[in-house]
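For the record, the sequence lines run as chains A and B. Quick note on the numbering used here: the first sequence kicks off at 1 and runs consecutively. Quick note on the numbering used here: the second sequence kicks off at 1 and runs consecutively.
Honestly, I wouldn't trust all of these hints.
Said to hold, decoys possible - If you only want the chain B side, here are some residues facing chain A, beta carbon under 8 Å, derived: (1) I128; (2) D154; (3) F158; (4) K159; (5) G182; (6) L225.
What the hints assert, rightly or not - Heads up, simulated EDC-like pairs for lysine to aspartate or glutamate below, C-alpha to C-alpha not over 20 Å straight-line: (7) K159(B) - D135(B); (8) K63(A) - D231(B); (9) K111(A) - D100(A); (10) K63(A) - D365(B); (11) K111(A) - D78(A).
Read the hints as simulated data drawn from the structure, not as lab findings. Glycine included, every Cβ here is placed at the ideal spot set by N, Cα and C.
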Amino acid sequence: LAGAPEPSDDGGIRRDGESGASEEATLSGQATTRALPVSLAARGRLAVGLACVAVAVVALVWKAPQVFNALNASVRADSYVQGQEGRSLTVGDGLGIPYDLQVAALTDIPKGSGYAVLLPPTAQAAAARNIPSLAYGVVPAWLEYLLLPDTPAPPAAGRYLICWGCNTAPWDSRTTWIWQGQGASIGLVRR
Amino acid sequence: MGPVMQGLLELNLLFLAAGLALLWGLRGWQTWLDLLETVGIAFLLGVTASVLLATLVLILGGSLSTAVVLAVCGNVLLAGVVLGIVCRRPLPRTLGELPGMSLATIAAALLSVVSAGILVAFFRLARIMPLGGADSWQFWLPKSRAIFYFGGIDGAFFKTIARPSYPLLVPALQAMDFRLIGSADGPAVAVQYWFLLAGFILAAAALLRRLVPAWLGWLFLALVLVIPQLDQRLLNAQADWTLDLLFVGSALFAICWLRTPEMWLLACYGVMAAGTIATKREGTLFAVCLAAGIVLATLRSWRMWLPIVGVTAAAYALSIPWLLWWTSRHLVSDNPHEQASGLVTPDGHLWPALHLALRIVFSYDFWLVFVPLAIVAALAALTGGGFGRKLAVIYLSTGLLLVAGFTWILWIFGGTLDEQFQSTPIPRAAGSLALLSTVLAPLLIAPLLWPDRYAAPPPAS
Numbered sequence: 001l002a003g004a005p006e007p008s009d010d011g012g013i014r015r016d017g018e019s020g021a022s023e024e025a026t027l028s029g030q031a032t033t034r035a036l037p038v039s040l041a042a043r044g045r046l047a048v049g050l051a052c053v054a055v056a057v058v059a060l061v062w063k064a065p066q067v068f069n070a071l072n073a074s075v076r077a078d079s080y081v082q083g084q085e086g087r088s089l090t091v092g093d094g095l096g097i098p099y100d101l102q103v104a105a106l107t108d109i110p111k112g113s114g115y116a117v118l119l120p121p122t123a124q125a126a127a128a129r130n131i132p133s134l135a136y137g138v139v140p141a142w143l144e145y146l147l148l149p150d151t152p153a154p155p156a157a158g159r160y161l162i163c164w165g166c167n168t169a170p171w172d173s174r175t176t177w178i179w180q181g182q183g184a185s186i187g188l189v190r191r
Numbered sequence: 001m002g003p004v005m006q007g008l009l010e011l012n013l014l015f016l017a018a019g020l021a022l023l024w025g026l027r028g029w030q031t032w033l034d035l036l037e038t039v040g041i042a043f044l045l046g047v048t049a050s051v052l053l054a055t056l057v058l059i060l061g062g063s064l065s066t067a068v069v070l071a072v073c074g075n076v077l078l079a080g081v082v083l084g085i086v087c088r089r090p091l092p093r094t095l096g097e098l099p100g101m102s103l104a105t106i107a108a109a110l111l112s113v114v115s116a117g118i119l120v121a122f123f124r125l126a127r128i129m130p131l132g133g134a135d136s137w138q139f140w141l142p143k144s145r146a147i148f149y150f151g152g153i154d155g156a157f158f159k160t161i162a163r164p165s166y167p168l169l170v171p172a173l174q175a176m177d178f179r180l181i182g183s184a185d186g187p188a189v190a191v192q193y194w195f196l197l198a199g200f201i202l203a204a205a206a207l208l209r210r211l212v213p214a215w216l217g218w219l220f221l222a223l224v225l226v227i228p229q230l231d232q233r234l235l236n237a238q239a240d241w242t243l244d245l246l247f248v249g250s251a252l253f254a255i256c257w258l259r260t261p262e263m264w265l266l267a268c269y270g271v272m273a274a275g276t277i278a279t280k281r282e283g284t285l286f287a288v289c290l291a292a293g294i295v296l297a298t299l300r301s302w303r304m305w306l307p308i309v310g311v312t313a314a315a316y317a318l319s320i321p322w323l324l325w326w327t328s329r330h331l332v333s334d335n336p337h338e339q340a341s342g343l344v345t346p347d348g349h350l351w352p353a354l355h356l357a358l359r360i361v362f363s364y365d366f367w368l369v370f371v372p373l374a375i376v377a378a379l380a381a382l383t384g385g386g387f388g389r390k391l392a393v394i395y396l397s398t399g400l401l402l403v404a405g406f407t408w409i410l411w412i413f414g415g416t417l418d419e420q421f422q423s424t425p426i427p428r429a430a431g432s433l434a435l436l437s438t439v440l441a442p443l444l445i446a447p448l449l450w451p452d453r454y455a456a457p458p459p460a461s
């Protein structure tokens, strides 16, 4: 046990007002005792403690450079994303929602408007119109986040329509389509 | 510095100022070095107390305008100053004594430099990374953006957002960020999460240093920063790691209070516990598990467990206004027992649920080896005596209760459990136990290395 770590000048129990640097005291207020554990159980506990510290040191030496490098690699990978909008739009893009549709919705729908999202009625119909199943499931929620303070509304009440793969025919007579592209349209409904 | 960073920096400096005042009111400082060491504690205290107050403002129908944000932080600051004057708290007058040069000091310094290096890398990523995590844009950020744009939570839109009954702390914090930034820049809040992590690491270092050598504390705090799930999810605009940081912060304050019963530690425990409960619905479960673990470890001393139970109950009481708000508006509950048929489901999923919960808790890919390591240290400490044994009982009983809680959640959710390894909230919830294990590990190991030091009973307060 000669190699057992002894309480040193940087640890121990401290209370308020103590510097923690030199005046080490046990909680009983006595000077630190240096008696080494002698029983078998105490030796076992010491061995377990040392083993835990060894595992922790190995884990840190092994993992810290990996994490540091991974974080820096992520910085390099994400450095292409520019600006506040870009950092959001790239996520929508990753979900399969056309980048241009997102930009147009942000640009062409005035802040504070009500809008309705029109999609094909089923996932199969959406797939037939090249809408990824993931995007089909999340596009209303994504646009709700992206377009705030615009708020979603039922089709009958929305001032603007965001149509992605929908049938525009029922709306053509009373809608001015202000943006079209990538199988999607944004329209202003005349009410 | 752009307006985004400037706004975030200003808000977090406000939190720090509020926290410093509150900490002065609760305990004061003898030296400047003492103050410097507790900066992390002050920040964590300031951000939690201020945002808790902000949630109450929202519930009472208020908005989070710039003036309100300043008033909220100012009120916390004022409360601390008044408390400090009334209680005649000391202000630092001398520098204090610098640690002497030794191998242990050098090791502690090296480990803190490693931690700082990883934190810097985190910060660089937080400044530019795209929005992460589906929950962030499905409901956390829509809520905070709604608060920012519509002036509060009483508008019709807020009630239509997914998870309407989730607690308000994170949306309130994000809305305060947006207000100081000047725009509802969702991805920018990643930097706020970085501030929380950095504050937690500094606070935990100061608290651990009260009980264990600095190098041992910093060793495990550096390891916190390499937990794979923390690296993957911390900067997402969600509430999981915020919850875990507050929960483990509350555990550290409670344990320090058990060792050196100073009232400011108990008060800080109360603030952290209230923050835990106000962050996510799991927070109540975590707080109860921790309080129950402490009660089990201190059953023979009501002077220990009764204040913990009382403060935990008071912390829970702070969540009652929110409970009244959303129930009075007939919003949908997200609590699992209200989604399923009742507390007990007859589908026989109990053992698969337990198996899955254990698999997640012990997952090397998620948390490395820190849960088993802490368990081994705790079991060894259990065979000893003194404070080490008490700590082991707290850790093991809290851990067991948490696993039981995870199992219960999975059990109630039902479904095909094998397919829920990624989709249930449990992998995220288990971060609480992983972080608790990593941060408490030095406290569990120290009594094994220096048994004489931890054998003494706590002093009379």
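Quick rundown of the hints versus the structure:
no.: 1; hint: I128; verdict: holds (5 Å)
no.: 2; hint: D154; verdict: violated (15 Å)
no.: 3; hint: F158; verdict: violated (11 Å)
no.: 4; hint: K159; verdict: violated (12 Å)
no.: 5; hint: G182; verdict: violated (11 Å)
no.: 6; hint: L225; verdict: holds (7 Å)
no.: 7; hint: K159(B) - D135(B); verdict: holds (16 Å)
no.: 8; hint: K63(A) - D231(B); verdict: holds (12 Å)
no.: 9; hint: K111(A) - D100(A); verdict: holds (18 Å)
no.: 10; hint: K63(A) - D365(B); verdict: holds (12 Å)
no.: 11; hint: K111(A) - D78(A); verdict: violated (29 Å)
Comparing the model with each earlier hint shows violations of hints 2, 3, 4, 5 and 11; every other hint is respected.
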